[in-house]
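Enquirer: Chains as they are written, first to last, in the numbering used here: chain A, 1 to 318; chain B, 1 to 248; chain C, 1 to 307.
In case anyone wonders, no lab produced these hints; they're calculated from the structure. Predicted model, so just to flag it, every value in this text is computed and none were measured. Yeah, the Cβ is synthetic: ideal placement off N, Cα and C, and Gly gets one too. There could be a bad hint or two in this list.
[Stated by the list, open to error] Short derived list, chain C residues pointing at chain A, Cβ under 7 angstroms:
(1) Phe-228
(2) Arg-278
(3) Leu-293
[Said to hold, decoys possible] Facing chain A, from chain B, some residues (calculated, C-beta under 7 angstroms):
(4) Arg-83
(5) Ala-89
(6) Gly-93
(7) Leu-102
(8) Ala-103
(9) Gln-105
(10) Phe-112
(11) Phe-114
(12) Trp-115
(13) Asp-117
(14) Ala-118
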Amino acid sequence: MSALAPRLKAALALFVLMALVPPLVTALGDPFLTVVANRMLVFAIAALSLDLILGYGAMVSFGHAAYLGFGAYAVALGARWGVSDLLAQILLGMAMSAGFALVTGAISLRTKGVYFIMITLAFAQMAYFFFVAQSSLGGDDGVALQARSSLLGVSLEGDLALYYVTLGALVAIYAGLYRLTGSRFGRVLKGTRENALRMQAMGYRPFPYQLIAYVIAACLCSVAGVLLANLTEYVSPAYMGWHRSGELIVMLVFGGIGTLTGAVAGALVAVGLEEVLAIFSDHWRLGFGLVLVLVVLFSPDGLTGLAKRLGIGGSKDV
Amino acid sequence: MSELLEIRDLRKSFGALAVTDGVSLSVAEGELHAVIGPNGAGKTTLIAQLSGQLSPDSGLVLYDGEDITHLDMATRVRRGLARSFQITALLPGMSVLENVALAVQARSGSSFRFWRDAGDEEITNAQARVALEEVGLADRASVLASALSHGEQRQLELAVALATKPRLLLLDEPLAGTGGQEAERLIALMQRLKSRLTIVLIEHDMDAVFQLADRVSVLVYGAIAATGSPEAVRADPAVRAAYLGEGA
Amino acid sequence: MTNLFLLQLLNGAQFGILLFLVAAGLTLVFGIMDFINLAHGVLYMVGAYLMATFAGLTGSFWLGLLLAMPATLVFGLVLEFLVFRRLYDRSHLDQVLATFGLILMLSEGVRILWGSAPLNVDMPALLSGSVPLAGPLKYPVYRIAVIAAGLASAVGLWALINHTRAGMLLRAGASNRPMVAALGVDISRLFMLVFAFGAMLAGFAGAIVAPILSVDPGMGESILILTFVVIVIGGVGSIRGAFLAAILVGVVDTVGRTFGPIWLRMVMDPSAAAQTGRMLAPMLVYLLMAAVLFWSPTGLFGRKGAK
Ligand SMILES: Nc1ncnc2c1ncn2[C@@H]1O[C@H](COP(=O)(O)OP(=O)(O)O)[C@@H](O)[C@H]1O
Ligand SMILES: [Mg+2]
Numbered sequence: 001m002s003a004l005a006p007r008l009k010a011a012l013a014l015f016v017l018m019a020l021v022p023p024l025v026t027a028l029g030d031p032f033l034t035v036v037a038n039r040m041l042v043f044a045i046a047a048l049s050l051d052l053i054l055g056y057g058a059m060v061s062f063g064h065a066a067y068l069g070f071g072a073y074a075v076a077l078g079a080r081w082g083v084s085d086l087l088a089q090i091l092l093g094m095a096m097s098a099g100f101a102l103v104t105g106a107i108s109l110r111t112k113g114v115y116f117i118m119i120t121l122a123f124a125q126m127a128y129f130f131f132v133a134q135s136s137l138g139g140d141d142g143v144a145l146q147a148r149s150s151l152l153g154v155s156l157e158g159d160l161a162l163y164y165v166t167l168g169a170l171v172a173i174y175a176g177l178y179r180l181t182g183s184r185f186g187r188v189l190k191g192t193r194e195n196a197l198r199m200q201a202m203g204y205r206p207f208p209y210q211l212i213a214y215v216i217a218a219c220l221c222s223v224a225g226v227l228l229a230n231l232t233e234y235v236s237p238a239y240m241g242w243h244r245s246g247e248l249i250v251m252l253v254f255g256g257i258g259t260l261t262g263a264v265a266g267a268l269v270a271v272g273l274e275e276v277l278a279i280f281s282d283h284w285r286l287g288f289g290l291v292l293v294l295v296v297l298f299s300p301d302g303l304t305g306l307a308k309r310l311g312i313g314g315s316k317d318v
Numbered sequence: 001m002s003e004l005l006e007i008r009d010l011r012k013s014f015g016a017l018a019v020t021d022g023v024s025l026s027v028a029e030g031e032l033h034a035v036i037g038p039n040g041a042g043k044t045t046l047i048a049q050l051s052g053q054l055s056p057d058s059g060l061v062l063y064d065g066e067d068i069t070h071l072d073m074a075t076r077v078r079r080g081l082a083r084s085f086q087i088t089a090l091l092p093g094m095s096v097l098e099n100v101a102l103a104v105q106a107r108s109g110s111s112f113r114f115w116r117d118a119g120d121e122e123i124t125n126a127q128a129r130v131a132l133e134e135v136g137l138a139d140r141a142s143v144l145a146s147a148l149s150h151g152e153q154r155q156l157e158l159a160v161a162l163a164t165k166p167r168l169l170l171l172d173e174p175l176a177g178t179g180g181q182e183a184e185r186l187i188a189l190m191q192r193l194k195s196r197l198t199i200v201l202i203e204h205d206m207d208a209v210f211q212l213a214d215r216v217s218v219l220v221y222g223a224i225a226a227t228g229s230p231e232a233v234r235a236d237p238a239v240r241a242a243y244l245g246e247g248a
Numbered sequence: 001m002t003n004l005f006l007l008q009l010l011n012g013a014q015f016g017i018l019l020f021l022v023a024a025g026l027t028l029v030f031g032i033m034d035f036i037n038l039a040h041g042v043l044y045m046v047g048a049y050l051m052a053t054f055a056g057l058t059g060s061f062w063l064g065l066l067l068a069m070p071a072t073l074v075f076g077l078v079l080e081f082l083v084f085r086r087l088y089d090r091s092h093l094d095q096v097l098a099t100f101g102l103i104l105m106l107s108e109g110v111r112i113l114w115g116s117a118p119l120n121v122d123m124p125a126l127l128s129g130s131v132p133l134a135g136p137l138k139y140p141v142y143r144i145a146v147i148a149a150g151l152a153s154a155v156g157l158w159a160l161i162n163h164t165r166a167g168m169l170l171r172a173g174a175s176n177r178p179m180v181a182a183l184g185v186d187i188s189r190l191f192m193l194v195f196a197f198g199a200m201l202a203g204f205a206g207a208i209v210a211p212i213l214s215v216d217p218g219m220g221e222s223i224l225i226l227t228f229v230v231i232v233i234g235g236v237g238s239i240r241g242a243f244l245a246a247i248l249v250g251v252v253d254t255v256g257r258t259f260g261p262i263w264l265r266m267v268m269d270p271s272a273a274a275q276t277g278r279m280l281a282p283m284l285v286y287l288l289m290a291a292v293l294f295w296s297p298t299g300l301f302g303r304k305g306a307k
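Input sequences plus hints: build the corresponding full structure.
Expert: See the structure below:
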């Protein structure tokens with residue numbers, strides 16, 4: 001393990017590049033781009049967390065955005081209760097996410113295949129409606145935040161401060177997941193992805209491993225939610241809509257699943273693409289959807305194969 | 001000799017089809033017991049019930065004197081009851097070494113470890129290498145399992161089962177699809193394993209069966225048609241009519 | 001009070017019938033092809049839009065319906081031919097991605113063609129007005145007609161599945177695909193048939209709901225998720241399960257929204273009851289789903305031991 005794995009090198013390069021973005025765009029005279037780049041980082045965290053269950057655990061969750069919402073609402077609730085520290089809000093978001101993921105994950109994981117996809121979607125929708133019904137939190141319209149959080153007494157009101165905190169969180173989560181997926185636990189998870197029956201015949205019961213991974217992924221995604229709320233200074237149920245869950249999958253698959261680095265790359269590219277397309281047309285979804293359909297249909301192995309051939313994200317982590 | 005495995009009146013139906021139709025069988029500690037029978041006789045289904053993949057409709061499976069009929073697969077494996085699959089079931093996207101190392105990991109220490117690199121575990125890897133050595137795959141350790149030839153995959157299938165340190169090994173047609181040399185190596189391996197393990201062997205290769213087996217049971221339409229020494233079974237006219245007459 | 005309950009029960013049944021029409025085709029597709037199609041709700045939406053267009057053009061509800069049904073069928077067949085049949089052998093992940101892309105595309109396409117503003121369809125004169133039910137209670141004729149039409153479709157479907165050869169193959173295929181393939185049946189033809197039929201039923205639901213709901217680009221998506229709940233509760237591949245689950249979900253959802261707060265008032269003070277009721281009502285069907293799954297992971301009528 002002396003030489004760095006290629007995908008680790010690629011990730012490092014991406015992180016360094018992103019660290020240089022704020023000074024660069026300020027020099028170019030368009031500091032607003034920092035906010036766009038910050039968005040990329042936030043979704044990179046969310047896509048990374050999804051990679052743990054989808055890429056490493058082969059659990060196709062169509063409800064992952066729910067945890068983005070839990071994180072965001074942790075900020076809104078924190079603000080209401082006078083808790084403005086980012087770490088405290090992250091803890092709150094993680095606690096809500098862990099609770100929800102533990103219960104719904106335990107039920108969803110009793111099923112497989114199309115059931116699992118539909119059920120995760122339905123549970124996320126339930127969480128969505130829960131927050132829609134919270135009129136004290138703005139219901140459908142959501143609620144604007146008075147101020148951004150602070151971290152250990154330092155305010156994140158400035159875009160730069162928030163940007164680097166987000167980048168720090170991304171790097172930390174990447175590093176944590178890198179270790180996790182290479183650990184004994186990660187190996188069992190990958191083995192279950194490859195062939196659950198074989199794992200049972202080796203003496204493993206897949207369920208607890210899958211459930212723990214599901215809960216960890218939920219908690220990490222809620223960190224992205226906390227940061228997203230701070231970035232937009234706004235919290236609404238739309239963060240956890242099922243379109244958002246679909247977009248997270250698209251980002252992840254676009255970069256390549258099961259590599260971690262691919263999740264980061266995919267999020268950067270997808271969010272960037274969305275910003276650019278939105279400039280050209282209000283109807284960018286038409287083109288986006290069409291590209292998605294065509295790529296899946298005509299690229300052998302689907303989007304994953306295309307990403308692999310383009311070399312995004314490097315080879316699969318095995 | 002004491003009985004390690006005892007099956008009592010096991011029954012399993014798929015719809016109207018009685019695939020296991022009152023099977024009773026006992027396997028002594030240290031014995032290699034071959035189960036032969038035509039395709040569709042219910043051999044794989046029997047193995048599936050012994051390993052915990054399927055639960056029987058009725059009947060008992062006793063292992064080392066204990067009722068294990070309703071234990072799940074993982075628990076049985078942990079108690080020393082391993083199996084190989086007729087249709088190769090490996091972890092295709094992982095290396096040969098990792099396939100075996102995972103089996104070692106399952107029985108040595110907790111797998112709820114989240115930080116240390118599993119690939120760096122010298123002891124686990126060493127034990128995995130021993131199993132690979134045993135089946136003759138040591139030089140293929142770093143290759144992806146999906147890149148192995150069919151015969152090599154059969155070998156790996158065996159190595160994984162061995163790495164669980166079983167007391168009782170259920171082998172479902174380990175020679176299927178292997179060529180001359182590979183088959184010979186696997187037969188030699190089973191010959192060696194015979195002295196340390198109890199084995200239930202399902203096999204179509206009659207030469208191998210009569211060479212290896214201490215006892216042979218013939219399964220026809222889900223029921224045991226005959227059990228006895230290889231010579232006795234070979235001579236049994238009912239067996240000849242029901243099964244051996246077809247090919248051998 | 002009892003009257004209000006009866007009214008909501010009928011509304012719930014009517015909603016359930018619509019859910020069933022959308023779910024029927026989809027559950028077979030899931031069961032037979034193990035194919036996850038997120039874009040099925042689009043057909044419901046397209047049915048409604050085609051209905052709005054044709055009814056507007058011809059000035060007649062009936063002519064509109066007559067034109068919208070085959071048009072939806074054709075639309076479904078084109079989708080099947082162009083997209084779905086290439087996805088059957090793919091991973092669930094690819095299916096999710098492609099059909100998600102299709103939703104984005106078609107919803108946006110509808111927005112471009114028809115605009116984002118909701119459209120209305122006039123009720124046919126024959127079916128407007130209300131009839132007295134019991135005592136002072138009246139119920140709109142049109143909603144009764146919707147229930148009747150849905151029930152008729154359900155009975156027709158039942159007859160088709162239980163008394164025709166194609167139906168027999170479907171029943172077998174939904175629970176054991178390899179077996180049907182082994183019988184030498186052309187699975188892709190069979191599937192096209194199912195798909196076309198499912199598309200038409202979903203389109204029919206969209207068309208007949210047009211006069212009582214506004215037709216908007218989001219309608220396909222909101223019904224899709226409830227359809228999933230119905231299929232999960234009923235069990236993938238089971239028409240009977242889909243029917244019972246659809247009625248159950250329709251009634252629980254509708255009655256829960258009205259009566260949740262009222263019933264809660266018996267155990268808590270009014271303002272808390274109103275608040276809790278509003279919060280719980282939209283979650284009820286999902287809780288119902290969770291409860292059923294906890295009890296049986298393959299739904300009420302799902303194949304046991306299904307993976
Ligand atoms: N899951 C199943 N559902 C229905 N029939 C099955 C199933 N598994 C096996 N069978 C049937 O049971 C019979 C025995 O199969 P199997 O145990 O694989 O036989 P063998 O291994 O002796 O060739 C065959 O007729 C097979 O078609
Ligand atoms: Mg067999």
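Enquirer: Could you check the structure against the hints above and give me the numbers of any it violates, in ascending order?
Expert: As far as the earlier hints go, not one is violated by this structure.
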